[in-house]
Structure formats: structure tokens, C-alpha cells
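The chain contents come next:
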Amino acid sequence: MTVIHHMKTLIILNMIIILAAMLGCTRYDEKLAVEYSISKSYSDVNVQFRDGDGVLRDTIIHLQSIEDQWQYHFEARRGDIVYVSAIYFDSSSTVTAGILLEGKLFKQGSSNKEPGKYVTVSGTVPY
Amino acid sequence: MERLIKLLFIAAAGIALLAGCKKETKITEVSSGKIIICFDHRVDDLPMVRDSLMYTNEAGNPYMINEIQYFISDFTLYGAGGSQVVIDDWKDIHYVDTDIPETWTWEVYDEIPQGWYDSVSFTFGITAEKNKSFMYVNPPERDMFWPEYLGGGYHYLKLNGKWLPAGQAYQTRPFDFHLGIGQIYFSYPDSITGYVQNYFTVCPPGSALQVINGQSTKFNIVMNIENWFKEPHIYDHDQWGGYIMQNQDAMALARENGHNVFTLELCKK
Amino acid sequence: MNRGACIALILFSLSYYACAQSGLIITGKILDGDELHPVPGAEIILNEKSVGTLSDAYGNFRLDGLSSGTITLTVRHIGYKVLRKKVELADENIEYLTLLLTPDIKTLSEFVLTDKAPGRSRIPGKAIPVSRMSPLTDGTVQHDLGDYMRNAANISGIRKGAIGIDPVIRGFKYSQLNVQINGGHKIEGGCPNRMDPATSHVEMEDLESVSVIKGPYALRFGPSLGGVISLETHIPVTASDFYTSVHTLLGYESNWNGFREHLRVTAGGRGYFLSITGGRKEYDDYNAGTGDLIPSSFTRYNFKLQAGALLSDHQKLVLSAEEQNGYHVAFPALPMDERRDHTRLASMDYSYLPEEGRIRSIIAKAYYSVINHLMDNKERPSSDTVTAVSEIDAVNRGVRMEASLHAGQGNLTLGVDIENILKDGQRTKSMILQPALPVKRESLWNRGVIVNTGFFTDYSLMLGSYEVTLAARLDINHAESGALEVFGGNQQELYRFGKDSIRSDFLNFSVSAGVHRMLNEYVSFSLALGRGVRSPDMTERFIILLPIGYDPFDYLGNPALKPETNNQIDIGLKYQQPQWGEAGLTCFYSLVENFITGQIIPPSVQKPLSKDVVGVKKFHNGGLARLRGFEMEYTSPGSLLISGGIRASFTYGTIAEAVQYTTDGQGDPTGQEVIANDALSEIPPFEASGFIQGNIAGGKLKPKISCRLVAPQNHVSEVQYEKKTPGFIVANIAFIARLNGHIEINGGVNNLFDASYYEHLNRNIIGSELPLYEPGRVFYINLVFSL
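Protein chains in written order, with this note's numbering: chain A, 3 to 129; chain B, 21 to 289; chain C, -17 to 769.
Each hint should be verified, as a subset may be incorrect.
[Claimed, not checked] Residues from chain C that keep clear of chain B, each with C-beta distances beyond 12 Å, as calculated:
| no. | residue |
| --- | --- |
| 1 | Tyr78 |
| 2 | Arg322 |
| 3 | His324 |
| 4 | Tyr334 |
| 5 | Leu415 |
[To be verified] Below, in silico cross-link-like pairs of lysine-lysine (PhoX-like), each with a Cα-Cα straight-line distance of 20 Å or less:
| no. | chain 1 | residue 1 | chain 2 | residue 2 |
| --- | --- | --- | --- | --- |
| 6 | B | Lys178 | A | Lys115 |
| 7 | B | Lys250 | A | Lys119 |
| 8 | B | Lys150 | C | Lys705 |
| 9 | A | Lys42 | A | Lys109 |
| 10 | C | Lys544 | C | Lys155 |
| 11 | B | Lys182 | A | Lys115 |
| 12 | B | Lys150 | A | Lys119 |
| 13 | B | Lys238 | B | Lys182 |
| 14 | C | Lys168 | C | Lys286 |
| 15 | A | Lys106 | A | Lys33 |
| 16 | C | Lys686 | C | Lys155 |
| 17 | A | Lys115 | A | Lys33 |
| 18 | A | Lys109 | A | Lys119 |
| 19 | A | Lys42 | A | Lys119 |
Hint data in this document are derived by calculation from the structure and do not stem from the laboratory. Backbone N, C-alpha and C fix where the C-beta goes; we use that ideal spot for every residue, glycine too.
Given these sequences and hints, build the entire structure.
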């Protein structure tokens, strides 16, 4: 009788270990650092961007000089959409918009003396 | 009983092994013909040459054409006695792109009743009811989208080129001569209070067409590019600048100039 | 994590052996003498006394505490002749004693599984053509059921990606096939592109048998047009004494670099059982024979609880609850990948199986399936312009009740089944290249509901030497949905099908008849005739603009579709002789009325809304379709030292009238014509296969070589510009080694010569003209422990 009882305990213990090992969770929930940057502009720039909560925000930025940069930092999950868009109306201006993931350049776009044309840089954080 | 079963089996096996009937095609009777529309683009009666600063418009701007893309829709043929044939059996909106030669020829699917047709007309652009955002998902039509907040739908026309501004010797500026849904601003560039539909109907002058039973009649719809910039309004790039999508005054001018941009000519055999 | 499971398993096995018991032990397996499938619930009695045991669901049994000497084992089971075997016991345990039971030919109906399991509805009559596969005994547990089923005659599958190969039987597919689990549990897949057909919602490791009942004959299983796929999962049994059992599978496949684990723990006794099951699969991309890497990775895990109780000597109740999850499943032939699939299944089964009296059985079942399916294009280049995410909920609820009685000279079965399907889904498109990031939401289904109530009856009797079965079925089918609408920007309507014209109701009547006769001791003849009607499914009625077919068209549902009817005849001849083996030939001819197919809609009426799609097709009843073909099979007796078999199958399908468009250079049509007897699309070509198997050391080692020859498919649909497929040959080697009654190792090499090939039914990779190639060489090994 005790032999059978011993066996049952072993079975249950092993079952729990194996099942627990099997029902592992995925590693896809991690968050990554995202940075939007607007730079290299001679004039005011209308910027639209998708923030960390998935809300589309509007802002007008004033860059002090050609070396100046506007940045926005937040955390995004894999699979989230990242989006930044810039437009200027000065006929001799330029702009460069970029998205960085964990410090590395993900996407970039620019325009040169094209007032009224949107520069849109966007994508999905890769899995 | 056994013989019957054997017969059944042989019959069944025979059916199973039979390869089936041969294919046949049926030919339906016609008392109608087809039309083929060719789109041609000219400046001053000569075929358009792209990317070359060789033209001057009525306002005196030297200019070049890079590409032209546009939609026409509701193509209608008018017969004797008031009959009308509207082209919409397959495609009702046709896209023309000077970069894509396949779009320069439209072999119309519709069967056109045979006979004489005095004139044709079409909508330049897309009417309000049909011009719906996101209805095109694939290039090239998809890339004609007109931004939602500016009115949505699709561009009627993209005529892209470069002009030499007054006082410049060689430094050209790009112009986007675009037509689409216009906006009315309370204060530019925000607060849009209304939208304006800028499509218009074109009745190109030209000779009558004959559609013959079982044959295809080919004709050209010619865009005379210089006419966009001259009548009734002289259009000056120096005045309007390179970007007019948010300038309803400029687009209204373009719309009115459009009345005599197109002509129809039959193809010589 | 995999290593952890391995170590735990080894520890457990060692601990088992540490708990040795006194006395000698006999372990063995009870198998059906003809088909070599296990016989569960067989009584193995010792020395004519009432001491003994029952074989488990895998046919395994164990007798402990024996003394040396000669003993007699008596084995009994319904449907078989009683077996008596003398066994000499010396000083050692006897391991892996195989006992073969001879079927008793006088039995009327075919059993899908035996009586001791909870009531499983039997196939009425031997005239109905059935293919039966037992993945757990033939040692070829694969990771996808659709892939496994392709081994059977005239069964093929549509591959769109990693898993979820969609079965095609004699040219019939999708809702033309009635897929059900354990006698009636139905699942409505979530994905409109059929990433998850019903067959993909069963874990292979759990699957005891797959019965493919061809034709519109077995009407008691539901409206069946082309056939029924009856899946039987493992359900534990009660036993005369308390028992515990553990069954584990660890598997690995090279090329995919795929790992698989499965564990089942069961405890049971007199009048009850409880079982917990869990499993996990994690696979990477595979290389085709061409050397190309095909995106095909996936992760799946599942968990199941089953409990049963004997309410009385002859009444049993079984409850089952299961959860399945899929993550990041790649589908290169579809515009999206499966991001997450969450499925929950629950069922309750009651059975009453008296041993005498007028009533033969009463069985009842209630089931509930819920699927939440999430898919997107985020890992595709198309997501650089528009990011699309689709989420669908599919709920399937139903009940089934059946009573079988002795009536007159035969058996009468009556029953009712009710199925309620609800489907709702939405696609969200973010135009990430446009100013102000416009987001568009489109309904894929708008609360579509289909309710089908069916009344069925069948009667089987012997008329002289003929076994005759008659069956009939009445289906009351009701469907409705919210309005089918698509909106563009600024809420402009791009498509609308009004609410009032969306309801449809059908009354469908199906009949079938079968005759079976033994012409002599070895030869039997069968003839089956049937007329089966099926109502259009959720997709055919209500889908809103999605490229669900193999061609690049957006499909539109048509709520006004009429039901499809299949009139079919099957004729079969079988020769069965114990020393010689078994040979069979079945021929079929099928005439389908109101065949449901797609009809091109001009862009002036509706433009496509999916990327890379060339146009729109609306479902319509396309007239008459004809399918005909045969299956031919020979297998030598399995108990010989060397055995083998060959098989050939063929299907030929045509549609009476199809409209073809003539096109210009741009792909736009310039005219149309009607083509007669165009080929039906997606019909697999002629195929022949053969195998040679060895039976070494009393069945402990079974090596096998098999080869499959597939002819080119040149009979393709002209109207749909279907492409021809070249023929190919694939060779496989495999082995099953049963070390003792507890450990089995099976393995082998699939596609031994690394052939680069694709099946005719494999879809093309999205955005290219290239088909999805099958995997190249795959080494696989599975370790199965059962205790």
C-alpha cells in the first residue's frame, strides 16, 4: 500500500514539474525604448506623432539652429505602431525625421525645399 | 443477381474512368461593337516631351513637364435621337499615367450598340458620390489619395513639373499643379469650414464616331497641356507658387481653364 | 525548458522502477487482428478465474504478482472471438506480449470505438466507404493533422503556411466536409482565410483515431455533402481496480528545429476517472528542397481536463474542458500571419449502453467552442504602408441526442442535433504613410448567426445475405447577420448589403441507402447512394471583402445563396483473406447541384479592398459540378516478417458552365465567353504510394520504407487561370521500436532525398508567383513513455 502511495506522490510531483515547464509564457511582452527626432530644419515645423498610449499628438516645434534637435522618448511593445510626421511651409526649408529603437536608427525620411509636403516616417516595432 | 451486380460494377468503373466531355466555347450573337480610347498628351500640337525645359506658358513662365496623372470617369457617348451609352459595365473610372504606357490605351469592355455617335463627354476627376477615400488599395491608383483632412477621396489631376521663376537664370522650382477637393479656410492653414468639389464635365470637340457591328473603333482623347494655363484665366506660377492643394482660388482657376484642354480625334487607319 | 522536462521525465521513470513489486509480471498489448489497431477495454482473465485486468485505451495491459509455471490467458471483447493463450512463465517477466483478436464477422455494424468508451456513434452499415487512421499506433505522430491525413487515399490538403493544412477529400473541401470531434463536437474556425480549420483544433498527440467517412451517406453525423471527418481523441476508461497511468511524448524534428512535448496523467478506478493533459510545440522556419527558407515558425500550447463517472453499470458521464493557444504562426501564402489564437472547448457526454433489451444505446452530447483569433500583417512588407490587424470571435454551441433500438429485424437509430454558430470580426487598418494617421475599421463579419437543427434516422437490417441501410435527414437552417457594410474615409459608404435581405431560411432533406453483401468467404461488395444537402456557411453568406480563396480576389458573401446538393454513388469491392491480405477498389461519381463558387464583380460595382488583390468575386450558385474517381488499395497481412502495401487514387472534377473574361494587356477584361466543362480548381492529381515494412523480434522493431508518386496536374481551371503543377516522387524511411510495454521510440526521415516539390493544392506565396514548397529532408524522432 505504501509503495503505491509513494508512486502516486511521485507521479503528481513530476506532473506538476513537467506541466509547469511546458506552460511557459512568451517573451513577446517586453518593452523597447523608442525615440522620435526632428532635426535639420530652418523653420517652424508642424509635427504629428503617435505617443506611448497610441494617441496621435500635434505640436509645432521651433528649432533654434540647424544643429538643434527635437526629441520625444517613450516605451513601446513589440507590434506597436510608431509614427512621426513633419510638414513646413517655408519654401526654402528642409527637415529630417527619424525613429530610433533602443538607440539604433529604425526609419528615417527627409525633404528639401518642398513646402506643404508631409515627411512621414512610420512602422511597426518588430517582433 | 450476381450478373446484375457485375454489370453495375462494370458500368460504374466505366463512368469513373471516362475522362469527361471536351471543352467547347459558345459564341454569342452581337449587333454591337467596341471602342478603344487612346490618351495622348501634347503641347502646342506636338507630342509632349518630358523633363525638358522647352515650353513657355501664356504667362511667360518657362516650364517643363515631369509627369501627368489623372482620373476620368462617367465616359458617355451620345447617339442620334438623344440616346446615351454610359461606360460602366466593367470600369467606370479610368486612370491615366504618363509613366505607365498600359494606361494610355483603354479597351473598353462595354458592348456599344452599333451606329453613329455625335459627341462624347466625361467627368474630369471623380464625382462627389464616387470619390470615396480608401476605395483604391493598390498602386498606382492608391498613390493618388487626397489627404482626409483636406477633403479625402483622390486627386483628379497631378501635373508635376518645374518652372523657371522670374529673375532666375537656371535655378528651377518644382510645381505641383494638383486638382482635388478644395477647402474653405476660416484662417489658413487651420480651421477648415467647408469643402469644394472641383471636378467638371468635359465635352471635347471633335468629329462624330461610328461604331460598327463586331469591330473596334479607335479614337484619341488629346490633352492639350498649354490650355491648362491660359483660357479663360492666365495662370502664372510666379503668382501661385509650387503648391496649390490647399489653395482653392488656384484650383478654381484650373477647373475653369479645363474646359478646352481636351479634344477628340479619330485614329487614322 | 525542454531539458527540464526531459530530466523530470527521466527521474520519474527511474522512480517508477525503484518501486519494484514482488512476483512476476506480464505486460502486453491487445490488437485487432485485421487492422492492428489497439483494442481498449478488452478483458484479460487469468486461469479462467475472475482475476484479471482490462486493456487501456492503447490496448496495453499488465498482470502482476504471478508465480512461475503455465498460465492461461483468456481475452474477451465484443466484436471479437474469444482468445485463449497458454503462457509459460519461468523466472523472468514477460514483456510485450502481443495478442491478436480475430473479428467476429457476424457483427452488423462497424464500430468506431468500443462500448467501454463513452458512447460513440457508430457508422451505420458497411456500405459506406471509410478510411481509418490511427496516428498513435502507426507511430507517425506528426505535428499537424491536415499533414497527417494527406497519407490516406484521395485525401489531400491545402497548405497556406506552417500548420493548419486544410483537408481536401475527393475534391470536396471546407464546409463540404463535416469535421467533428468525439461524435458531434463541432468547431467554427476563427480565421476567414481558414488559418485554423476545425481539424487544426485537435492536438495530434491526443488523437486516437481519424475516420474519414466519404460521401453524403452517414447522415446521422450532420449535414454532410462530401464526407465526415470523425476525430476521436483519447478518453480514459474506468477499470475494475484503481489505476494511474502516465503517457508522455517528446519529439524533435530537424529542418524545422521543432520541439514537441506532451504529457497526460490519468487516474481511474471503479466508476470514475480523472485526466490532465498538457502539451507544447515550438517550431522554427523550415528549408524547402530548393534550399529556400520558408517562414513557417509557430508556437502552440494546450491544456485539457477530463473527468468521467459511471452513473450506473451502463450509464456514463464524461466532462471535458480544453484550452489551446497559438502564437506567431507564419502563413506566407496569406496576407496576414496568426498573431494569437485562443480556443476554449468544453463538452459533456452522456451514454447509456444496456447489454440487453430493446434499447441498444442512448447517447447525448452538449458542446461549446469559443475562439478568439488575432492576425496581422506586421511582419510583412505591406505593413510599411498600411498596418492591418484583424480580430475575430467565433462561438459554436450545440447539442446532439441519439437513440438506437432493436426494431423489427434490424436496428433503428433516431436523433436530433442542433448547432448554433456566431461569428463577429473586425479589421483595423492604420494608414501609416498618410498625414494624421487615418485609422479605418471594417467589419469582416457583423454578428453573423447560423442555427441548424437536424432530425436524423437510419435503419439497418439483414435481408437474406444483404445488409441494407437506409438513412434520412431533415435540416432546418436559419441564418442572419447585421448589415454587411464597409466605410471609407469620412464615413463614406464603400459597400452595403441591407439588413432586410440578409436573412435566409432553408428546409433541407437528405437521403441515403446502402447495400453490402459478402459474395463469398473473402469477397464483399458494397453500393451506396446518397443525396446530401448542405446550407452555405458563414463565409459564403456573410464575408465582407477578403481574399479567402486561392486566387487574388476579394470575396464577398452572398446572403441569398441557395444550399448545395450532392448526389453521389459509391461502388466498392473488397477482398480479404488472412494469409493473403486485403485489397479494395472503390469508385465514386458525384453530381453537385447549385455548386457554390465565386463570380467576378466589375470594379464599377465594387472595388477590392485588400492589398495586391486584382478584383472582387461574389459567391454564387454556379450550376452543376461533377466529380468522379477511385481509390485502390492492397495491404499484405501485418503479422508477417515482411509486409507491404500499395495504394492509388484519382479524382476528376469539372463544372458544367463557367464564364471566362478575355483581357487586354493591362489585365482588364475586354469581353466574356462561357466555357463548358471547365476543370474544377484545386483538385489534386493522380497519386500512387507504396510501403514495405519489416516486423522484427516479434513486433519490437518495425522498419519501414515508403514512397509516394504524384502525377503532374494538367487538368486545371482555364477560367480561373489556375497553374499546372509538375509531378514528383517523395521517399520516406521510418521505424517504430517498442522496447518494452512502456517505452516506444519512433522516428525516421521524411523526404529522404531532399526533393524540392510542392503539392498542387499548396498556395502561392503572397506577392510572388512562387508556390509554397514543401519541407526538404526532415529527421524526426519521438520518445513515447507510457506507464
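Consistency of the hints with the structure:
1. Under the 12 Å C-beta cut-off, the non-interface status given to Tyr78(C) relative to chain B holds; the minimum distance is some 43 Å.
2. Distance to chain B confirms Arg322(C) as a non-interface residue, since its nearest Cβ pair spans about 25 Å, more than 12 Å.
3. For His324(C), the condition that its CB be more than 12 Å from all CB atoms of chain B holds, with the nearest at approximately 29 Å.
4. With a cut of 12 Å on Cβ distances, Tyr334(C) stays outside the contact zone with chain B, its closest approach being about 39 Å.
5. A beta-carbon of chain B comes within 12 Å of the beta-carbon of Leu415(C); the shortest separation is about 9 Å.
6. The hinted pair formed by Lys178(B) and Lys115(A) meets the criterion: a straight-line CA distance of about 19 Å does not exceed 20 Å.
7. At roughly 27 Å between alpha-carbon atoms, Lys250(B) and Lys119(A) are farther apart than 20 Å, so this suggested pair is violated.
8. A C-alpha spacing of about 36 Å is found between Lys150(B) and Lys705(C), which places the hinted pair above 20 Å, so the restraint is violated.
9. Restraint check for Lys42(A) and Lys109(A): satisfied, since their Cα atoms lie roughly 16 Å apart, inside the 20 Å limit.
10. At most 20 Å may separate the alpha-carbon atoms for a hinted pair to count; Lys544(C) and Lys155(C) meet this at roughly 18 Å.
11. Our distance criterion of 20 Å between C-alpha atoms is met by Lys182(B) and Lys115(A), whose separation comes to about 13 Å.
12. About 26 Å separates the Cα atoms of Lys150(B) and Lys119(A), which puts this hinted pair outside 20 Å; it is violated.
13. For a cut-off of 20 Å, the pair hint linking Lys238(B) to Lys182(B) is broken: about 33 Å separates their Cα positions.
14. Restraint check for Lys168(C) and Lys286(C): the C-alpha separation of about 17 Å stays at or below 20 Å, so the hint holds.
15. Restraint check: the Cα-Cα separation between Lys106(A) and Lys33(A) comes to about 15 Å, which is no more than 20 Å; the hinted pair holds.
16. For the suggested pair Lys686(C) and Lys155(C), the alpha carbons sit about 31 Å apart, so the restraint of at most 20 Å is broken.
17. In summary, the hint linking Lys115(A) to Lys33(A) is not supported, as the alpha carbons are separated by about 37 Å, beyond the 20 Å threshold.
18. Proposed proximity of Lys109(A) and Lys119(A) is supported: the alpha carbons are some 18 Å apart, at most 20 Å.
19. For a cut-off of 20 Å, the pair hint linking Lys42(A) to Lys119(A) stands: about 16 Å separates their Cα positions.
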